[in-house]
Amino acid sequence: MSCLACSGCALSSSTAVRGGSSGKAAFQPAVRRLTLRRRRQASAVAALDPATVYAVTQQGIAYVAVLGGEAAFTGLTTQASTPGRPTVQQTLLGVAGTLGAVAMVRQEGFIGSAGCAVGALVGAAMLTTMIQRTQQTPYDPNEWPGAKAWPATMGLISFFSLSVFFQALVAALQ
663 MSCLACSGCA
673 LSSSTAVRGG
683 SSGKAAFQPA
693 VRRLTLRRRR
703 QASAVAALDP
713 ATVYAVTQQG
723 IAYVAVLGGE
733 AAFTGLTTQA
743 STPGRPTVQQ
753 TLLGVAGTLG
763 AVAMVRQEGF
773 IGSAGCAVGA
783 LVGAAMLTTM
793 IQRTQQTPYD
803 PNEWPGAKAW
813 PATMGLISFF
823 SLSVFFQALV
833 AALQ
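Residue numbers (my numbering): 663 to 836.
Hint data in this document are derived by calculation from the structure and do not stem from the laboratory.
Since we're looking at a predicted model, the values are computed, not measured.
Note that beta-carbon positions come from the ideal geometry of N, C-alpha and C, so glycine has one too.
Don't take each hint at face value.
Restricting the straight-line Cα-Cα distance to at most 20 Å, the calculated cross-link-like pairs of lysine to any residue (SDA-like) are [what the hints assert, rightly or not]: (1) K810 <-> E732; (2) K810 <-> Q752; (3) K810 <-> L761; (4) K810 <-> T736; (5) K810 <-> T791; (6) K810 <-> F821; (7) K810 <-> Q836; (8) K810 <-> F822; (9) K810 <-> G730; (10) K810 <-> T744; (11) K810 <-> F735; (12) K810 <-> G737; (13) K810 <-> P800; (14) K810 <-> P745; (15) K810 <-> L738; (16) K810 <-> A713; (17) K810 <-> Q720; (18) K810 <-> T739; (19) K810 <-> L789; (20) K810 <-> Q794; (21) K810 <-> T740; (22) K810 <-> T790; (23) K810 <-> V750; (24) K810 <-> F828; (25) K810 <-> T714; (26) K810 <-> R747; (27) K810 <-> T796; (28) K810 <-> A734; (29) K810 <-> I793; (30) K810 <-> Q741; (31) K810 <-> Q721; (32) K810 <-> Q798; (33) K810 <-> G759.
Okay, the calculated beta carbon distance ranges per label pair [claimed, not checked]: (34) I773 <-> V728: 19 to 29 Å; (35) W806 <-> L835: 43 to 53 Å; (36) T744 <-> P712: 39 to 49 Å; (37) A713 <-> F772: 16 to 26 Å; (38) T744 <-> E770: 41 to 51 Å; (39) G808 <-> A717: 25 to 35 Å; (40) Y716 <-> L754: 19 to 29 Å.
Kindly generate the complete structure, drawing on both the sequences and the hints.
What follows is the structure, given as structure tokens:
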């Protein structure tokens, strides 16, 4: 049975319009068009290129290590009643949020973009927390660099984390 005998087939109408004979060469361009159309609909586009994903992952994990290390060091070396001391809850939320964002960034499509947004929000929250810690920490002019150095430095590093995830989000949305 040739393709021209079928009345409901898309190939028969394109072959009949061109006036070609029923053969392999006659319906090959129509098959090619259908294949290309299917490929365009089924192709998945990554939200971020692999180099960006690698950079965000690397910097996010480094931020988690520094954030947890600073909280452990400051928590163990300062008295519990000292204002500006890191809290376990805020630190754990920052660590867990950043790790979750890194895991999401490694996914394709919308989930990767959402991971960038989550990472930026966690970075902003930790930046706010570090600014509050810096303001609450008492100043001692006899001590250098002073107790405010750790939360201020962590505020700067939190800003870098916010910047990394925000720039990745901008790249994902372009």
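Taking each numbered hint in turn, which are not upheld by the structure, reported in ascending numerical order?
-> Hint check: 3, 7, 16, 17, 24, 25, 31, 33 fail, others pass.
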